[in-house]
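The opening residue of the sequence shown carries number 8 in our numbering; numbering runs sequentially from there.
Rather than coming from a laboratory, the hints here were simulated on the basis of the structure. Virtual Cβ for every residue (Gly too), placed ideally from N, Cα, C. Do not rely on the hints blindly, as some may be mistaken.
Pairwise CB distance ranges, derived in the manner of DEER restraints [stated by the list, open to error]: (1) Ser102 <-> Leu312: 46 to 56 Å; (2) Glu318 <-> Glu106: 22 to 32 Å; (3) Ala230 <-> Glu318: 15 to 25 Å; (4) Ala230 <-> Ala103: 36 to 46 Å.
Lysine to aspartate or glutamate pairs mimicking EDC-like chemistry, simulated, CA-CA at most 16 Å apart [stated by the list, open to error]: (5) Lys335 <-> Glu295; (6) Lys236 <-> Glu310; (7) Lys353 <-> Glu302; (8) Lys236 <-> Asp317; (9) Lys335 <-> Glu177; (10) Lys236 <-> Glu178; (11) Lys236 <-> Glu177; (12) Lys335 <-> Glu178; (13) Lys356 <-> Glu318.
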Amino acid sequence: MTILVTGANGQLGCWLRLAASGSAAGPAAGSAAASLTAAKNQFSADGTTPSHAAADQFLFTDIAELSEESAAMLRRLGGEAVDLSTVRLDVTDLSAVRELVRRERVQAVVNCAGFTNVDAAESQPELAELLNVTAPENLALAMREAGGLLVHVSTDYIFGARVYDTSIGEEQPGAPTGVYGLTKLRGEEAIRRVGCRHVILRTAWLFSEFGRNFVRTMLRLTAERPQVKVVDDQRGTPTYAGDLAAVILQILTAAESAALSAPDASAPAADSANVFNFTNAGECTWYEFACAIAEAAGRTACEILPCRSDEFPSPVRRPAYSVLDKSKIRAALGLAIPAWRDSLRKCLKSIL
């Protein structure tokens, strides 16, 4: 089938490029390619790749250019087989989305696009609304008309205003604290109202070999400074983009084999039947995550100190506890979810 990936030049999009390539080269890529292949094999009774896999065609789109650094990492991990091309598409333009879906006969969309700068969203609410609400609604409308599937990536920030003391299930009502979380929640609601065949995949604390993320920032800071302060009063779970990409492949395969059915278009907007949480296994604070990064990377010369969130003033209050309950997706797809520390080591092996 033809699969459109939006936000294809970001962390998750780059890993989906690797998934689409089906081949890898380089020191860490063998395990990466193997894990992605194994993800698709899990849905085959005889252990072979599902028959549609070889015929999958991926189209990649993004409003930003693929950076030279990301392109080099893609080549390092996936070799010459990785598609570095980008189809031009304004996902906020419904007519343009419809035309591309019709022309290319798109049967599934993986929406990795969005306005993800939490603080900047407060001063740019119109842009956040366009990318986090209008764009997913447009993609949902196009998929409803085409009879296709929309896999939409959402966030733990929809739960920012509530205080939890246990992992958060999909059925919990959203309670965002800022524009970013609010628009992501409204994007979810828009998809459900449209009533296309969809899966909403909530994740958190994404890291990878690509782009700007906490792991790459800590590697830079621990190399440059003798001391770094990191907040120790926000608890969640890191998510390796490579693991999330593998899960998305499983979702696409399960959906095509009808293991995931189309939602009832008359269901209320808050219905969570087709909502799933995914992060790596375990939990930590940002401080504990930073310490693990430094230890695994051998950055022992830099002292990492815990601090409170209020030492880093922000226009948006971050969730104090956003550990997501993954029991639903674990049961639905038969997942063995890697621990975040194990996936961190895999990521660092690629970077260092």
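For each hint, the structure was consulted:
1. Ser102 <-> Leu312: 46 to 56 Å: 53 Å, holds
2. Glu318 <-> Glu106: 22 to 32 Å: 49 Å, violated
3. Ala230 <-> Glu318: 15 to 25 Å: Distance hint for Ala230, Glu318 holds at roughly 22 Å.
4. Ala230 <-> Ala103: 36 to 46 Å: Since Ala230 and Ala103 have Cβ atoms about 43 Å apart, the given range 36 to 46 Å holds.
5. Lys335 <-> Glu295: With Cα atoms ~27 Å apart, Lys335 and Glu295 exceed 16 Å; violated.
6. Lys236 <-> Glu310: With a Cα-Cα distance of about 9 Å, the restraint between Lys236 and Glu310 holds, given a limit of 16 Å.
7. Lys353 <-> Glu302: 14 Å, holds
8. Lys236 <-> Asp317: 12 Å, holds
9. Lys335 <-> Glu177: OK: Lys335 and Glu177 at ~8 Å, within 16 Å.
10. Lys236 <-> Glu178: 35 Å, violated
11. Lys236 <-> Glu177: Violated, at about 33 Å.
12. Lys335 <-> Glu178: The hint holds at about 11 Å.
13. Lys356 <-> Glu318: 32 Å, violated
In this structure, the earlier hints numbered 2, 5, 10, 11, 13 are contradicted, and the remaining ones agree with it.
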